[in-house]
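S.K.: Protein sequence lines correspond, in order, to chains A and B.
Quick note: the first sequence uses the working numbering, first residue 154, plus one each step.
Quick note: the second sequence uses the working numbering, first residue 70, plus one each step.
Certain hints may be false.
Stretches of chain A that chain B covers, calculated by requiring three or more beta carbons in the stretch to come under 8 Å of a beta carbon on chain B [claimed, not checked]: (1) 161-171; (2) 174-184; (3) 194-204; (4) 256-267; (5) 327-341.
Have a look at the derived ranges for each label pair, beta carbon to beta carbon [to be verified]: (6) R318/A - D304/B: 35 to 43 Å; (7) R250/A - G237/B: 20 to 28 Å; (8) R274/A - I290/B: 55 to 63 Å; (9) Q222/A - I194/B: 42 to 50 Å; (10) I194/B - A348/A: 34 to 42 Å; (11) D304/B - T247/A: 21 to 29 Å.
The hints are simulated quantities; they were obtained by calculation from the structure and are not laboratory data.
Predicted model only: the values in this text are computed from it and were never measured.
Glycine included, C-beta positions come from ideal geometry on N, C-alpha and C.
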Amino acid sequence: MNLARVLAAGTATTAGLALLALSSAAPLGYHAQDTARLRLSWSARPERIEVCRQLSTEEQARREEHMRQRVECEGVFATYVLRVEVDGGAIGVTVIRGAGLRHDRPLYLLRDYPVPPGQHRVRVSLTRREKTDDGAAAFAEAVVPEADTGLFAGRAQREATERARRTRAAIPPSLVLDTTFAFTPRQVALVTFNAERRILEVHAEVLRQ
Amino acid sequence: MRLLKRPFRRLLTGLDAVLTRLYGWERNPIHQAGTVAVAMLLVLLGTGLYLVLYYRVGSPAASVARLAADPWLGGWMRTLHRYATDVFVIAAVLHATRMFTQDRSWGPRTLAWMSGLFLFGAGLICAWTGFVMAWDTFGERLALEGGRLLDVLPIFSEPLSRIFAGDGPVPSAFFFVNLFVHIALPLGLGAGLWLHVSRLARPVLLPPRRLMWGIIGALTIASVLLPAPLGPAADPLRLAPSTPTDLVVAWWLPISERLPAGLAWSTVVAVTLLALLVPRLTRRPREGRWAPSTVDPRLCTGCNQCPQDCPWEAITMVARDDDRPTLVARVNPSRCVSCGICAGSCAPMGVGPPGRSGRDQLTEVRELVRSGFPGNGPLPPIAICCSQAPAAHLAALQARGVRIHQVQCIGNLHSSVIELFIRNGAPGVLVCGCPPRDCVGREGPKWLLQRIFNEREAELQPRVDRRRVRIATLSPGDLAGAVAAFEAFARELAALAPPEPDRAAEIDTVCDPVPLEEAAT
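Please model the entire structure based on the sequences and the hints provided.
M.R.: Printed below as a string of structure tokens:
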């Protein structure tokens, strides 16, 4: 190797390494604009809209022992309309439903909406679409089965408790968050569902910022 | 597929020429792309073992930031880990492109191609998880994109993306699984590498020491002088204006982010399918140039040389079905790539691809001598060149009065051909091959050198004047080197006495069990 070649090889190697270093951590644009975001994120059980009835003793006798429920319910899982408004203008209206092919899994929500920085009135509403004027949903609560005895003693009560727990864990028929929020540039304002208080709220971490 | 091959070949040849001009063909890293990738895997393993000691799944960003801030070891180790990843990806892509453009991706090489794709894919996933481990803005960006892509598949009961939404800290379990995948995949890479080279005889796994340590040294210096910046710690509730992105590994990220997840997956599936179909789309009929070698059992002496020389372990010695006491060579056509190296390894010329055995080569040269070289003029020097030799090099040699005789690969060349040329009055024979690590037959130049100068079986006979034989390397980008090699050879030939043709002489075939004429019939 002559000197010129060594110099050329050295220069090329140095340039190659510099290029490697540059391309290894190139500043690549991600969120180019200064806009903020309104993020909705939660998971919760959709309501079960169902009609319940008490099985007669004859009907129960026709079933296998392990399938002898006192109260039998049939129905569907509720769907909801999600409406997001900023300063009175709707920026998103969507129908959402439970996950899974039969929509019987929890309802998972993760949506981002761009919002210009500054103070804005934000209104997020989640409203059940199905009407329950026929009292079907209430009927599930209203059915009080006859008390079981013997081998199945206490079973009817357990069934009732479980149905009540499911109803309590589900999203209420209507949820609304109406608040005014000061968005800073590039901030993400996170709205979640507080399962204990059964309300929509702005995440505490966001309020601290 | 050939249309696709052409631009890649042009690109690779250009790059090959530039690198040869800079570093010489002996140190051209492009010829060592596969072994460089393996060397980088070892670097990744070494640096990774150190880094994982200080990594905390409970506080990933903080632990990596501590490492990055350590000026003594942690800082440059982390950067070296990243640079080695980049070099691994570049080397693997170059290696695959070479195999594709050199017709080395089908038939018996299908297993190597497929396992190579697996290795590359696993390497990319490993790199992906590695960047997520750091949990800076770039790691978060990769995780979000990964989550978005995985959420359209029916894998997770709850969408993965929700854990990055910000309503709670990202669970340690996520980082633990990520770390597990990052560590478990290299184990799979080890198994994949074994499969990748399982059909090769004498697989070369590492580059020459000087090149390997040169690359590692250069990367280490770069790691110290140009540390890879770590982005700010990921914060799901702040939007980062930009991320320090590794474009070598994640060049696709800005494209993927703009595509709907379904379309992104469709693209991935289409590209993967196309890559998996390469062996099918590039395969050639096993006839003519691509016909597997055959053995003439009447000529085979059972010397066991061709199985030793075969770079693909395609030849085995088996019991004969006649009464001769020796074994006989048998070619497994499903492993034979028609490189023809066995033809050069067989002293009695009993093995080789149809039309390229030692006997076929001698017949062709005899015909050439008879018709191509009129008896009234002196023979010019002969250059026996590989079919892969660059056209510019051949033209330059021809312009200097050299007669070109092409063979498929110089590893095919039977030493008797050289003898035949010289005994017919050629003043000298220059055997021009590819750079040893760029030979499509893998070991052609190595075996040729040993057959001519080191008395490897099927050697050039002692009666041939070695001063009239020279081996040269023709590499794109090194035309001057090839011309200089020839001119030096020509000067030495000029100093020798004029050759005395001995055209009547027949080439003896050593250990020939049956007369040539009989075998020919």
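S.K.: So, for every hint listed, does it hold in this structure?
M.R.: Hint check results:
no. : hint                        : verdict
1   : 161-171                     : holds (count 6)
2   : 174-184                     : holds (count 10)
3   : 194-204                     : holds (count 3)
4   : 256-267                     : holds (count 4)
5   : 327-341                     : holds (count 3)
6   : R318/A - D304/B: 35 to 43 Å : holds (37 Å)
7   : R250/A - G237/B: 20 to 28 Å : holds (24 Å)
8   : R274/A - I290/B: 55 to 63 Å : holds (58 Å)
9   : Q222/A - I194/B: 42 to 50 Å : holds (48 Å)
10  : I194/B - A348/A: 34 to 42 Å : holds (35 Å)
11  : D304/B - T247/A: 21 to 29 Å : holds (27 Å)
When the structure is compared with the earlier hints, no violation turns up for any of them.
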